[in-house]
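Engineer: Each chain is listed here by its residues.
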Amino acid sequence: MDAVTVTDLVVHRGARQVLHEVGCSVPSGQVTGLLGPSGSGKSTLLRAVVGAQQVRSGTVTVLGRPAGSAALRSRVGYVTQAPSVYADLTVRENARHFAALYGRGAAAADAAIADVGLADAAGQLVGDLSGGQRGRASLACALVGEPELLVLDEPTVGLDPVLRVELWSRFHALAAAGTTLIVSSHVMDEAGRCDRLLLLRDGRLLSDSTPAELRARTGTDDLEQAFLSLVQEVAA
Amino acid sequence: MTTALSPRLTSATAGRVLRQLRHDHRTVAMLLVLPSALLGLLYLLWADVPTPPGQPDTFDRVGLTMLGVFPFVVMFLVTSIAMLRERTSGTLERLLTTPLSRLDLLLGYGLAFGLAAAAQAVVTVAIATTVYDLDVTGSLSLVVLIAVVDAALGVALGLLASAFARSEFQAVQLMPVVVLPQFFLCGLLVPRDQLAGWLQAVSDVLPLSYAVAALQEVGASAEATGTMWVDVGVVAGATLLALGLAAATLRRRTS
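In the order they appear, the protein sequences are chains A and B. All residue numbers for the first sequence refer to our numbering, where the first residue is 1 and numbers rise by one. All residue numbers for the second sequence refer to our numbering, where the first residue is 237 and numbers rise by one.
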């Protein structure tokens, strides 16, 4: 059962074509990594999944409905690349606000804050936090709605290695509990942590496979090398 | 389903905006004190100028009008900047992926800044009538009511104007564009019936003209007049129209 199905997706931004007939599917209850260099179209694809992106052609189906449908708004959580939380509110006030929008209470907000390891900073203004903490505050505001699909745009940028490992284990715990996650990253060493990998380059999908399949296909254990040989394969 | 209004989500938004305001002590202080201080300056301006016999006191006329102009200008500015911040910080894009409807968001802003405007109006009216001896024939609660409706108009136009600004620099400059022509033509500088015909026609379609006319009615009559209620209704109608247009500028899908 696929949570997200993308078919022949074409997106233009201004005069530039950002996505070229992208097609892929995201299985339920797994962590799917969307990897590719900066500017490859990752954020655009994620925006199309949450229904924030104008598309030229193609379809995006999310949890059985067209992406962006009103009925999906309480079932899909989205964390943008730049932390989109209110800098002039505390972490707790931010989480409670988004909790209210999803029809949840203060307890859910406190639980989400604890989940991202910000319980000690709950009373601090987001504007006074470090970049990594802001990102986690932003994540808490999506977790608070307990969405069936969680779309995370580069959630681990700027985090120290210990926190990164913690967050990835949190992602897998969520997946084990049935949540579908799409996590974008431009760091290939995070690819190995995903159940499934989508590799994007210059708006084209290079690969849609498991890390093991990718290693087998390219004959290398190093996913960075695997990505490079895929690029050469396409160029040839 | 999410085009429908939800009182719960509207009040959640209003609460959030007020909480943001509460963290900003200086803004709260300026909101409450600044109009009174500026009104004091106007009071001193005419304090020693004799009033010609048979004419109404100049400060009574100008001061009363300004009680409607201040909340309009201040709320226009505050709202257009606040909404621009929502757009540029990514929070707007995020909010629009949640069950919050666009009208919930806009009305939430209107409610929050309307409450702030009510507090501002109570302080300003209290100081104007006690410290500066501003003479109002009608009820002071009607003055506060009109000030709040003017503030709501400022909020609605600010929300709309923010759609046409890409930066804070642009947003701030929209203030004179939207506010000054309305102020020039509202009847304070030159009575509206003495304006050239075409200027009068322009004045007739500008909502601030009706806000000022409503205040002048309160200034002249002890009882609320039908004309005043019509004027207040026109301002409220213009507010709803601007909110509707602002909702149309909020796109869930952007390029």
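I should point out that these hints are in silico values taken from the structure, not numbers from a laboratory. Honestly, I wouldn't trust all of these hints.
To be verified - Okay, the calculated beta carbon distance ranges per label pair:
1. 262(B) <-> 225(A): 53 to 61 Å
2. 367(B) <-> 119(A): 48 to 56 Å
3. 20(A) <-> 484(B): 26 to 34 Å
Stated by the list, open to error - One side of the interface only, derived from the structure: several residues of chain A facing chain B at Cβ under 8 Å:
4. 50
5. 54
6. 57
7. 74
8. 84
9. 86
10. 97
11. 101
12. 124
13. 159
14. 162
Beta carbons: idealized from backbone N, C-alpha and C, even for Gly.
Engineer: Please go over all the hints and tell whether each is borne out by the structure.
Structural biologist: Do the hints match the structure? See the list:
The supplied range of 53 to 61 Å is met by residue 262(B) and residue 225(A), whose beta-carbon atoms lie about 56 Å from each other. In this structure the hint that residue 367(B) and residue 119(A) lie 48 to 56 Å apart at CB holds, the actual value being about 49 Å. Here the CB-CB span from residue 20(A) to residue 484(B) is close to 32 Å, well matched to the stated 26 to 34 Å. A hinted interface residue such as residue 50(A) counts as satisfied when its beta carbon comes closer than 8 Å to some beta carbon of chain B; here the least separation is about 5 Å, so the hint holds.
The restraint placing residue 54(A) at the interface with chain B holds, with a minimum CB-CB distance near 5 Å, inside the 8 Å limit. Nearest Cβ of chain B to the Cβ of residue 57(A): about 14 Å, over the 8 Å cut. The hint is violated. This hint holds: residue 74(A) has a C-beta 5 Å from the nearest C-beta of chain B, less than the 8 Å allowed. Given hint, residue 84(A) at the interface with chain B, holds; its Cβ is 3 Å from that chain's nearest Cβ, closer than 8 Å.
Taking 8 Å as the C-beta contact cut-off toward chain B, the hint placing residue 86(A) at the interface holds, the least distance being around 6 Å. Taking 8 Å as the C-beta cut-off, the interface hint given for residue 97(A) holds, the closest approach to chain B being about 5 Å. Satisfaction of the interface hint for residue 101(A) is found here, the shortest Cβ-Cβ separation to chain B being roughly 5 Å, below the 8 Å cut-off. Checking residue 124(A) against chain B by beta carbon gives a least distance of about 11 Å; that is not within 8 Å, so the hint is violated.
Because the closest C-beta pair between residue 159(A) and chain B is about 19 Å apart, greater than 8 Å, the hint is violated. Annotation: interface hint on residue 162(A) violated; nearest CB of chain B at approximately 27 Å, more than 8 Å.
In the structure shown, a violation is registered for the earlier hints numbered 6, 12, 13, 14, in ascending order.
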